[in-house]
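Asker: Taken in sequence, the protein lines are chains A and B. As numbered in numbering that gives the first Met the number 0, residues 0 to 369 make up the first sequence, in order. As numbered in numbering that gives the first Met the number 0, residues 0 to 179 make up the second sequence, in order.
Worth flagging that the hints you see were computed from the coordinates, not collected in a lab. Incorrect hints may have been included.
Heads up, simulated DSS-like pairs for lysine-lysine below, C-alpha to C-alpha not over 27 Å straight-line [as the list claims (entries may be wrong)]: (1) Lys74/B x Lys48/B; (2) Lys48/B x Lys156/A; (3) Lys116/A x Lys98/A; (4) Lys48/B x Lys123/B; (5) Lys156/A x Lys164/B; (6) Lys320/A x Lys355/A.
Some, not all, of what chain A presents toward chain B, calculated at C-beta under 7 Å [unchecked claim]: (7) Ser153; (8) Ile155; (9) Tyr159; (10) Ile163; (11) Ala166; (12) Tyr169; (13) Ala170; (14) Leu174; (15) Arg177; (16) Leu253.
Backbone N, C-alpha and C fix where the C-beta goes; we use that ideal spot for every residue, glycine too.
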Amino acid sequence: MIKQIVSLHSFRGWLLTFGLLFAAIILLPVLNIFIPEESFFHIPDYMFPLLGKYLCYAMVALAVDLIWGYTGILSLGHGVFFSMGGYAMGMYLMRSIGKEGVYKSDLPDFMVFLDWKELPWYWYGFDYFAFALLVILLLPGLFAFIFGYFAFRSRIKGVYFAIITQAMTYALMLLFFRNNTGFGGNNGLTDFKRILGYALQDPSTKMGLFMITALVLFLSYVLARYIVQSKLGRILTAIRDVESRVMFSGYNTLHYKLFIWTVSAFLCGLAGALYVPQVGIINPSEMQPTNSIEMAIWVAVGGRGTLVGALFGAGLVNVAKSWFTVAAPDYWLYFLGVLFIVVTLFFPKGFLGFFKSFSIINKVKEPTNE
Amino acid sequence: MRKTWRLPILFTFPGGVEIFHGVVLPYSRIAIIIFVVFVVTAIWALLQKTSLGLQVRSVTQNREMAACMGIPTQKVDMWTFGLGSGVAGLGGLALSQIGNVGPELGRMYIVDSFMVVVLGGVGKIVGTVAGALGIGVVNKFLEPISGAVLGKIIVLILIIALIQKRPQGLFALKGRSVDN
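Looking at chain A on its own, in the form it has when it is part of the complex:
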């Protein structure tokens, strides 16, 4: 097992991976604490939630790359899994506000506002972090498993699958927008105060969350890398290339597709749960169909079927987004549009595919089709 994991990367690859992990969880905090604020190398406090947000997006991109880049199943429903994790975490954070809300009530503010007298049954248990964690770890995967079972069993694929996942996203968004559903309606869940007793406004809490996110991202990357390089990963790639041939060779593709679909949803839910305390809000707009499409765009920009490309793409698009909104507030959407058009026209395999085409020792066959 350990031997297998070590052999996932070359020595240089591992060096780079651990270098980045080291930079995230040791170097950045050190730069924040020990370097004086006037210095160029000082990392300001506000950077941590921002970077943490990018890392969460990178995790989502990783999940999308597993299902789309490696297995060839385009999902437009990952916003749902992301929101599920996010809402579960949000519900815990909401309960841990206690009586410090605007209305000084034990119930969350929006319930007081709606004149609800007691907590709906599905909010029970969210007073405890352990329960919320369990929901975060299980619910997105379970939901994906059930949905995927019905979808893959009847051999829905290609554009049909993309569309029913989009319909699912849309339906759940409409459901969560309703006040009666009991998740805060339009405004969602916000105004969080603390997590596990630590104040969320505290710079040290923000830094801690960032470090946890970096660690979880690292672990998910190793997990994803392990999956795609295993024998199972080979079959996933084969399903992407010619599914019928895999079926005729005696494999039941349903199991493989269902497995990777569930893993992907699980990672996505985890990312959502880490995202919410750092951003401080979760609302139904995370489930907008456009958000799920954007997740696919990150992967496409970075390069499908490479994992590293997905991470890079999510980072690039989101950093570009943050930078454009500051540098050119009136035109940032145009810049983003131009970025997407340039990538589609000139780098059809994403940035990573573009760089790879220069490399001479490029023995791995590039993903083709579509």
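Based on the hints, put chain B in the right spot on chain A.
Answerer: For chain B alone, coordinates are given in the frame of chain A:
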């Protein structure tokens, strides 16, 4: 969440026909129905009776083979995409008669229109018509019973259930290839 107020539009058809007591079918909607029938017929004719239509259908069914037979597939793609976009524009033109016009006019229809095509079957006009009528009518019947949002959710669940039975839609495009 969704408000439907009307803006004054230049080319409106005021008034309507009273079908029976209390039910008025506005002229603007009648005009839309006639317009839509005309557009759908025109597209059907274009796809079935012209050489462009023949090329489009051949590229849909088997791109490589079509290319081998000398059909410029990329040019066909271009024309088809242009045609599709133009038809969407005509849809927007019809919509301007019944709703307010804004940059987000089409957004509400993205998911619905995809659902219609998937339900009816990709590559079939008859499927599209049946899917659109089916979804629209069922939605309208559900709305007074369950409310607009829940009605929409029920319709989406019904579609997902229906796709279970017929993964290729109600009217599947018949072909001989294994992978569609």
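Asker: Looking back at the numbered hints, which does the structure fail to meet, lowest number first?
Answerer: Result: hints 2 and 16 break, sorted rising.
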